[in-house]
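Put together the whole structure using the sequences plus the hints.
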Amino acid sequence: MQLRRLVERAGAGDHEALSALYEQYFNRIYRYILVRVDSREVAQDLSGQAFLKLVEQIGGFRWRGAGFTPWLFRIAHNIVVDYFRRPREIADPELLETAAGSQSRTADHGPQEAVLADETLQEALAALMNIDDGQRQVILLRLVAGLSERETAEVLGLTEVNIRARQHRGLAAVRKRMRANVDA
Amino acid sequence: MLMHNHEELDSELAETAAILKRLQTIEPDAEERSKLKTAYLAKGAHREPKRRFIGIRRVAALAAAIVLSSGGAVYAANDAMPDSALYPIKRTAESAALSVTSGETRAHLETVFARKRLREAGYLLEKNTVAAKKSRAIELLEEARRDGDRGLKNKVDELLERSAQNDRSRNGLKEERDNPGQGRAKEAPGQLKEKPGTGRAR
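Residue numbers (my numbering), protein chains in the order written: chain Y, 14 to 197; chain P, -12 to 189.
If you're looking for bench data, these hints aren't it; they were derived computationally from the structure. No residue lacks a Cβ here, since even glycine has one placed at the ideal position from N, Cα and C. Honestly, I wouldn't trust all of these hints.
Below, a list of computed lysine to aspartate or glutamate pairs in the EDC-like style, where the Cα atoms sit at most 20 Å apart [said to hold, decoys possible]:
(1) 189(Y) with -6(P)
(2) 189(Y) with -5(P)
(3) 189(Y) with -3(P)
(4) 114(P) with 126(P)
(5) 8(P) with 162(Y)
(6) 24(P) with 29(Y)
(7) 66(Y) with 29(Y)
(8) 24(P) with 54(Y)
Under 10 Å between C-beta atoms, here's a sample of chain P residues computed to sit facing chain Y [to be verified]:
(9) -4
(10) 0
(11) 2
(12) 3
(13) 6
(14) 7
(15) 11
(16) 14
(17) 16
(18) 26
(19) 32
Now the structure itself:
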């Protein structure tokens, strides 16, 4: 079913439409949050919160611009921002370790474990966590969550030109750090 | 050379992007995902569809549209009293206006309509002594009392009290006509009040 029609029906409380939106978006939201927070459990919890907020607010949603996808990711983005604002202990090394998936925190999760065991990917994630925040946000939305340039621009309140520039610079920064680690 | 380096850079960046895109294959824990979905759908089941509420100007525009589409019947009914054939149209138009408002706008409209109920009740009480019309007046007063502000409630109470006194007065006069000399003995002292300015003393 066309996304716009699905969202309208979900806004009217249609159970089937709400279910379809969950199936379509949950994994993407989860991945996006997982890379930003410090544990799988937190990512699950925050993803759940994002979808509860979806239910609360979808009745008032009006289709503008790129529409529903940026709106939902905006919700997820704000939930993560609020999470980091709460006083908690976190150190960059821990962030790196859990985002890449340590043995103690990630029990057997099938594909997830295999993906995160990839050393090259772990290096890329470690580098990603240490680049400019604005560039990282773009890369997370574009490459991890799979949003288009237009959708990413709407989530972050930027132009598509900004998005392309930040993505380019961000990837260059990640690459440079990865090379520095290799050369070290 | 520069172009070659540029191409090389683009190629390296594409490779870096491809590495990060592998994260798109991560799947959440299936059991947790399912539990979260249950909670999400349960919340969706309890959510009331959001109604669109509109402000007083749009209510006025809506009212104008209703008037035009009714061929003026709603306009004609605006001042209709409860014993008029147009009165149901008036009440329907008021209900329609209330159904699209909320908050302060709705509270304002409720007060306006409560004042109308008070006027209508007063009209019936003045005009009729017939029991059916009287009880309708009482119903209208109860509506006014329920929906109106404190000032209006006080006026309603006054009107109800006056109506009760008028009833007692009429009953007393009727008794006097039917049973001369006996009706007066049944009146409790002080219950029968003078109309202002009648100059009659008892």
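ask   = Is it true that the CA of residue 8(P) sits at most 20 Å from the CA of residue 162(Y)?
value = The hint holds at about 15 Å.
inquiry  = Given residue 0(P) as an interface hint, is its Cβ closer than 10 Å to any Cβ of chain Y?
reply    = 4 Å, holds
request  = Would you mind confirming whether the straight-line C-alpha gap from residue 189(Y) to residue -6(P) stays at or under 20 Å?
outcome  = Answer holds: residue 189(Y) to residue -6(P) is near 16 Å, not above 20 Å.
Hint check: 10 Å Cβ-Cβ cutoff, residue 6(P) to chain Y = 5 Å, holds
request  = Please verify that hint: residue 16(P), Cβ, nearest Cβ of chain Y, below 10 Å or not.
outcome  = Holds: closest Cβ of chain Y sits about 6 Å from residue 16(P), inside 10 Å.
query = Is the Cα-Cα distance between residue 189(Y) and residue -5(P) 20 Å or less?
reply = Distance ~14 Å between residue 189(Y) and residue -5(P) Cα, so the pair holds.
ask   = Going by Cβ atoms only, is residue 2(P) closer than 10 Å to chain Y?
value = 8 Å, holds
Interface hint status, residue 14(P) versus chain Y (Cβ within 10 Å) = 5 Å, holds
query = If you take the shortest Cβ to Cβ gap from residue 7(P) to chain Y, is it below 10 Å?
reply = Since the shortest Cβ distance to chain Y is 5 Å, the answer is holds.
query = With 10 Å as the cut and Cβ atoms as the points, is residue 11(P) at the interface with chain Y?
reply = 6 Å, holds
message = residue 24(P) and residue 54(Y) were given as a pair; does the straight-line alpha-carbon distance stay at or below 20 Å?
response = 15 Å, holds
Residue -4(P) as an interface hint toward chain Y, with CB separation required under 10 Å = It holds, given that the least Cβ distance between residue -4(P) and chain Y is near 7 Å, below 10 Å.
Going down the numbered hints, you'll see the structure goes against none, and every one checks out.
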